[in-house]
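Enquirer: The chain contents come next:
There are 2 protein chains.
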Amino acid sequence: MKFVIIGGDAAGMSAASRAKRQQPDMQVTVLEQSQHVSYSACGMPYNIADPQRSMDDLVVRGVEVFQDKQGIDVRLGHRAEKIDRATGLVSGTNANGDDFSINYDRLLIATGASPVVPDLPGFRNPGVLALKSLDDGHRIKEYIRTKPVAKTTIIGMGYIALEMCEALVNRGIRVDMVKPRPRLLPWLDGQLAERVQAQLLAKGVNLFAGHAVERIENSGKHLITACRDLALVSDMVLVAAGIRPNSQIAAAADLDLGPHQAIAVGRDLRTTDTNIFAAGDCADAFHVVTGQRVWIPLALRANRAGWAAADNICGKAVQLPGVAGTAVFKVFDLQVAKTGLSADEAAAAGFTPQSATIVTRSRAHAHPGSASIQVHMLADQESGRLLGAQMVGKEGVAHRINAAAVALSAQMDVDQFLQCDLAYAPPFGPVWDPLLTCANQLLKKLSALR
Amino acid sequence: MKFVIIGGDAAGMSAASRAKRQQPDMQVTVLEQSQHVSYSACGMPYNIADPQRSMDDLVVRGVEVFQDKQGIDVRLGHRAEKIDRATGLVSGTNANGDDFSINYDRLLIATGASPVVPDLPGFRNPGVLALKSLDDGHRIKEYIRTKPVAKTTIIGMGYIALEMCEALVNRGIRVDMVKPRPRLLPWLDGQLAERVQAQLLAKGVNLFAGHAVERIENSGKHLITACRDLALVSDMVLVAAGIRPNSQIAAAADLDLGPHQAIAVGRDLRTTDTNIFAAGDCADAFHVVTGQRVWIPLALRANRAGWAAADNICGKAVQLPGVAGTAVFKVFDLQVAKTGLSADEAAAAGFTPQSATIVTRSRAHAHPGSASIQVHMLADQESGRLLGAQMVGKEGVAHRINAAAVALSAQMDVDQFLQCDLAYAPPFGPVWDPLLTCANQLLKKLSALR
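Quick mapping for you: the protein sequence lines, in order, are chains A and B.
Here the first sequence stands for residues 1 to 450, numbered as in the numbering used here.
Here the second sequence stands for residues 1001 to 1450, numbered as in the numbering used here.
Any given hint might turn out to be false.
Here are a few chain A residues that face chain B, going by a calculated C-beta distance under 8 Å [stated by the list, open to error]:
1) Q33
2) P321
3) I358
4) A403
5) M412
6) A423
Below, computed lysine-lysine pairings styled on DSS-like, alpha-carbon distance capped at 30 Å [to be verified]:
7) A:K394 / B:K1203
8) A:K221 / A:K132
9) A:K203 / A:K221
10) B:K1203 / A:K445
11) B:K1132 / B:K1203
12) A:K444 / B:K1002
Think of the hints as simulated: they come from the structure by calculation, not from any bench.
The beta-carbon is built from N, C-alpha and C at its ideal position, and this holds for glycine as well.
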């Protein structure tokens, strides 16, 4: 069988390796437009933060490992441009500018996502950069190394923007952040978002929320990011205003698209063409809480979907239950984590969201080194079902959120979650885990309203 | 209604406060034999480690808070000795040596547990100490402050023994540890236990496993802990050879006992007398995995059982689903955590345990500061059900274990757990959380044997 994969990042290479392990005689070909496969994209901000580290240490496995050891035909510099479903043919252009085409029995589209770069004046100025591919990472790091970058304007305030903000500040670069909508991290409970904001301000970061960028001007000496009533002067502009799925090739082949124009796939990762699968940041998923289609591009899902697509192609039927949107990021001394729905998402999905927000300590009573942890938890007033959880704190947040994520997968009610037997020792938390304390408050609210 | 509670520690005071909050006109009396209520017992090793800290900073709430603010009648120095079920009377002796008696409509036995001190020669020598109550903590700290303690022998190698070992080493005291059975932490997978052992040895701790202590001799200058073929010389001996439930008063009143002579209670915390409840370290519980009665004395359960007993006494029917035995402790630079069954426990409960053990990293590929994490996971070969998980590592263990604990509560299979959407960011773990990587290995083993 000829298995062709478009895109050699997390989903694509996971699928290639998995398929080859299961069926060593399968002909597996990966078409990758860049010169890299299998690198840790999420590690780029941390790499950029450290001038001593080589960008290439993010490459998990070199292409030769996939080719020589695993027998995967990896074609770098191959940009797939068209899928002919009738004949089972993918065609495109390679790095030399030559056309190529390849037949498939099964196709996996794993084209990932791209940064949204607004179509506004000045965004092609030198020094206006975005971060997605390893080449982007190289470009940014090289720019900082070779140019006198004392100040950067970051357009966007999502988690990549915030991770890059930390990276740049840690390199001694001052940062202004600007975005059109008024609230920092609008999916995060207000109290929790305020703490993140306070952390950014304490690190000298200027936040300009509620300002839509209209253009970037090049003064010769500086870049000027201009809004209607604001002009931010800097030496570099980082565009981190969100990403969009690379679904154009699928749309052109008349495959159905889902939310945010991501490629619509079933729980088996199959598109509307039975021979074509999609996985990773280009594809959608079902939400474990709502059951609805969502587009939540995250690394674990990409890897998992790559595996599942390969399993299904190899004849082992696998259905993925879906995503909870569990995520964590670090911003300076804070860990910020979430799983499940925000209040707005819960209401939109037809739930009657009730929430509790608490502040507690990261360690036991009187234990030295304790820091405050904020927990926000959301449940459905009607059913008592747990819908989501969010946390902010200096320690004990990143892994703690997983307990709530598992509870969402198990479709637990708040009172079931409250009865879970969680770990306790003084250096690691209070007797009642912060998640349990919040669940207890939430249960009281739910009960009071019944 | 007259609600009498024997024991003013975690379970007892939780129950007292909860009952009073729900029914402010209830007459709630707590009989506490010591002079302290509501202190963080688990915090004592960490307090002892720090000569600057006062032992009293472990007191969470002073007795006056319970008495004056909450209207709970707390009788310190009151040792309950007998329950007369026919007349509903508890009698005993107070600190002045006077007899007392008190009538109850509902009684809660929350007498906790006591260290097992072997009935062997020399265990009453000065300098032979055990740690359970706050008075014990004071005594140990005072002994170290006033005597020239250069070396301590710890009898026992459980988690309290290990926490005390760390505390003493951190105060510059050399430690020998001795116990009769041959394996350190026998409930922990062998590879994980080896890492804990290596950590102890690296800190200069001598471990003598497989040596039963026969007596302690006092040479005048030193204490000599003598086994058949071993004599350990020290300035202090700490007895941490396990604890046993304080169930004598219940047994004498003909209440049923469960495993390890703990007081047998239903899911509603009721003993075999409908008017008498038991909660905390003196009582048993049902295991969420096996459904069987177990005695796993831990702080969260004590607090939770105190609440549930009060709820049931106040007429709000509550059934606790049970315990998973989730626990974590710190030993020097390591975090050690477990939830659910060990292989031996699983086999004893009638499962066919299959396990996987992996070593992975605590942070993403190439992320600086990464340390190794070992994960051991256990499932039933027949049903695929997750039975337990264990972890050892320098970071990312203490809270991560909770994800597995929730999965046990939800009675998940390994493949369901493997599909949970856990958090990822490079500073906090690999894309596939260590628990998921281990679940994947375990699932492969289960599948291979089907």
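Enquirer: All hints, please: hold or fail.
Expert: Structure-based check of each hint:
Because the smallest distance between the Cβ of Q33 (chain A) and any Cβ of chain B comes to about 22 Å, over 8 Å, the interface hint for this residue is violated. Proximity of P321 (chain A) to chain B holds as hinted, the smallest CB-CB distance being about 5 Å (cut-off 8 Å). The criterion of a C-beta within 8 Å of any C-beta in chain B is not met by I358 (chain A), whose closest approach is roughly 16 Å, and the hint is violated. Among the interface hints, the one on A403 (chain A) holds; its C-beta lies about 4 Å from the nearest C-beta in chain B, closer than the 8 Å criterion.
The restraint placing M412 (chain A) at the interface with chain B holds, with a minimum CB-CB distance near 7 Å, inside the 8 Å limit. Annotation: interface hint on A423 (chain A) holds; nearest CB of chain B at approximately 4 Å, less than 8 Å. The hinted pair formed by K394 (chain A) and K1203 (chain B) meets the criterion: a straight-line CA distance of about 29 Å does not exceed 30 Å. Pair hint K221 (chain A) plus K132 (chain A) holds up; C-alpha atoms about 27 Å apart against a cutoff of 30 Å.
With a C-alpha separation of about 26 Å, the suggested pairing of K203 (chain A) with K221 (chain A) holds against the 30 Å cut-off. Distance restraint check for K1203 (chain B) and K445 (chain A): the Cα-Cα separation of roughly 49 Å exceeds the 30 Å cut-off, and the hinted pair is therefore not satisfied. Restraint check for K1132 (chain B) and K1203 (chain B): the C-alpha separation of about 25 Å stays at or below 30 Å, so the hint holds. About 26 Å separates the Cα atoms of K444 (chain A) and K1002 (chain B), which keeps this hinted pair within 30 Å; it holds.
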